[in-house]
Amino acid sequence: MKREAVNLRVLKRHRVSFARGARDGVPIGLGYFAVAFSLGIAARNAGLNAAQGFFISFFGMASAGEYAALTVIAANASYVEMALVTLIANARYLLMSFALSQRFDPAAPLRHRLLVGYCVTDELFGIAIAQPAPLDPWHSYGSYAVAIPCWATGTAVGVIAGNLLPGRAVSALSVALFGMFLAVVVPPAKKDKVIRFFVPLSFAASFAASRLLPALSGGTRTILLTLLLSGLAAALFPVPDDESQPKEGRNHEA
Amino acid sequence: MRHNIWLYIAVMAVVCYAIRVLPLTLLRRRIQNRFLRSFLYYVPYVTLSVMTFPSIIEATRSPVAGGAALGLGVLLAWMGAGLFPVAVSCCAIVFALEWFLAAA
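Chains as they are written, first to last, in the numbering used here: chain A, 1 to 254; chain B, 255 to 358.
Honestly, the hints are just simulated from the structure, not real lab data.
Among the clues, some could well be false.
Unchecked claim - Partial pick of chain B residues on the chain A-facing surface, computed with a CB cut under 8 angstroms:
1) H257
2) M266
3) R291
4) F293
5) P308
6) V318
7) A323
What the hints assert, rightly or not - Chain B regions said to be covered by chain A (calculated; three or more residues, Cβ under 8 angstroms):
8) 271–277
9) 294–307
10) 330–342
11) 345–357
All C-beta atoms, glycine included, are put in the ideal place defined by N, C-alpha and C.
Next comes chain A alone, as it looks inside the complex (with noise of 0.2 angstroms):
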């Protein structure tokens, strides 16, 4: 009887973590819904039909990362750069689940790990390590359950309605994906000289290598310049201890 009556109590507790994180999910799924949308167009776009937007949306829950994987699907390039290409978009997550892992309780059951691990984006890594740690999956779990569908229903209803809409307001969408980026990467840029000088030289040799070198996928392009300027910022201006972290509480995307 004692027994059942703490387990009681905990199932209470994970269920007001859950539906606390659900709340703070919602505007983060709203957000969402509408970003995937252009991205359900690039998706279509890229030949996908409206079932393989919503599953690229559902298992790579990453708005850049999935961009990027479309622009491998229209190029028709090989699965190792797909592999190379996922790898290389979505390396910040890596960064932020090492972030995270310090965040979890040391006891925190490997189950815990796999599920929120599936999920670290930009804003509900935000809203995660927001809040007080230990970690509570159960307040990850009410973020996902709003924010994952928003994500992939999106995506598909892009494909779909992107052929209903006229061609100027498609036009118009489509570049949501891309403000979204910018969103991304100005904050940091205004605080961090290094960032500041990086994002204008990464624009311009994009730019030139798009031009010079026009038979190089955009994914290939984007691989090799981001591995060769992110190398030549990390040895000339290599990051203090304390910065090298995701920092809590920045504006982030998908």
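On the provided structure of chain A, position chain B as indicated by the hints.
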């Protein structure tokens, strides 16, 4: 030969999941190598920038509209606007400009 889209998605899914879960499960210590840490710190900004330009001016019907979206997006983000407002404003300026250009 056309590659299979489902296989592409599967490859992406496996890599995405590994990236996110391996640090949480296997590596619980911090990376000690300073170059590697710095490299990982810069990677997201460089990747996103490389992917944004020149693609943003190629995604729209008129490159001018894409360029205007780039300028407005940078400006608004610099002034502290969030993800969603920046994305919507970029769409709005492209829509308005292309309307105007089509009418002109």
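Violated hints - listed by number, lowest first:
Going through the list in order, the structure violates hint 6 alone and respects the others.
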